[in-house]
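According to mature numbering (1 follows the signal peptide of the UniProt record, and there is no 0), the stretch in the sequence shown is residues -24 to -1, 1 to 226, in order.
Keep in mind the hints are simulated off the structure, nothing from the lab. Here the structure is a predicted model, which is why all the values come from computation and not from measurement. Hints are not guaranteed to be accurate.
Label pairs and their calculated CB-CB ranges [as the list claims (entries may be wrong)]: (1) L24 / G188: 15 to 23 Å; (2) V149 / S91: 51 to 59 Å; (3) A185 / L98: 22 to 30 Å; (4) N17 / G216: 38 to 46 Å; (5) M159 / W104: 41 to 49 Å; (6) Y58 / F141: 50 to 58 Å; (7) T52 / E157: 40 to 48 Å; (8) E20 / K102: 22 to 30 Å; (9) A107 / I6: 45 to 53 Å; (10) A107 / E20: 30 to 38 Å; (11) Y197 / V133: 33 to 41 Å; (12) G80 / K102: 55 to 63 Å; (13) G188 / N131: 17 to 25 Å; (14) S160 / P65: 14 to 22 Å.
Think of the CB as a built atom: it goes at the ideal place given N, C-alpha and C, for glycine as much as any other residue.
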Amino acid sequence: MTSIRKFLVVALVWCLLGATPVYAQQQWGISASFTPNWKFNADEVGRLFVRLRDFRVAGPQFSLGLLHGRTLGGDTGVEISYKKLTSVPGITNITGVRCSGSAGCANNTENFIFSNASLLGLEGHKYWAFATIKRRVQIGMNLAGGFMAFSGQANFVRTDYHTEFDRTLNKPVLAKEVTEEQMSMANAVKVLSGLSVFPTIRLELGAAAIIGNGTKIRMGYGRGFPGNDQLNVTVSHFFGSGAVRSVASR
């Protein structure tokens, strides 16, 4: 065998042993997801930020993302999410107590009323596919993390009491002073928590149905911070997967 033939044989063997199977190659893709009811974990967040313990906001979430992975395997990606908060109660906190003898006592308070509230976030994720059954059903786990920021308006009302002497009654009384201010919701949340953006993390178990060349629908359920996705649906599509599936099925 000549040296050229030896070289060709070695090159062919190397290609056969070292090349990645076509069906195992990764592709780029896109995703879209919907969460019917995203809820802010006021109880858990309130343990870290006491002034947010009554901040029970909720609403639907929509996300668009860019993926890199395989239809029959896992993937990584980044998503932009938008949450329209349809349930946004006000927050009233007691900031102190003022007492004045016979005048009694009164609470100093701060009150926030929110409007046009929403959330905008950016997250990265890693999805592991534990098992793929007959190339049609997939079971896996998704881990995601990033940050989110509030948008909207807030009306801030602060009520303070102080003691002053009433010459008509000839005794000390409690006088009320009210301060009102308009601010953005982002600034209001920063006043309440000290944070302008919130870090996010969530862990979900999921089941997916592979419905076509490169397309699958995944349903996930899990826990997160500072909010929970009670149930979400994600549709993903990997470009070029049609050709991959055609070659792999031969």
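Going through the hints against the structure:
1. For L24 and G188, the Cβ-Cβ distance of about 44 Å falls outside the hinted range of 15 to 23 Å, so the restraint is violated.
2. Separation of V149 from S91 is about 35 Å and departs from the stated range, judged on CB atoms against 51 to 59 Å.
3. Between A185 and L98 the C-beta distance comes to about 28 Å, which sits within the given range of 22 to 30 Å.
4. Under the hint 38 to 46 Å, the C-beta atoms of N17 and G216, about 40 Å apart, fit the expected range.
5. Taking 41 to 49 Å as the suggested C-beta distance range, the pair M159 and W104 conforms, at roughly 43 Å.
6. A C-beta distance of roughly 55 Å is found between Y58 and F141, which places it inside the suggested range of 50 to 58 Å.
7. Look at T52 against E157: about 44 Å separates their beta carbons, and that is inside 40 to 48 Å.
8. About 23 Å separates the C-beta atoms of E20 and K102, a value consistent with the hinted range of 22 to 30 Å.
9. The given range of 45 to 53 Å is broken by A107 and I6, whose C-beta atoms sit roughly 24 Å from each other.
10. Range check, A107 to E20: Cβ separation about 32 Å, and the 30 to 38 Å hint holds.
11. At about 39 Å, the CB distance of Y197 to V133 agrees with the hint of 33 to 41 Å.
12. At about 59 Å, the beta-carbon gap between G80 and K102 stays in the expected band of 55 to 63 Å.
13. For the pair G188 and N131, the beta carbons lie near 50 Å from each other, so the given range of 17 to 25 Å is not met.
14. Separated by about 18 Å at the C-beta atoms, S160 and P65 satisfy the suggested range of 14 to 22 Å.
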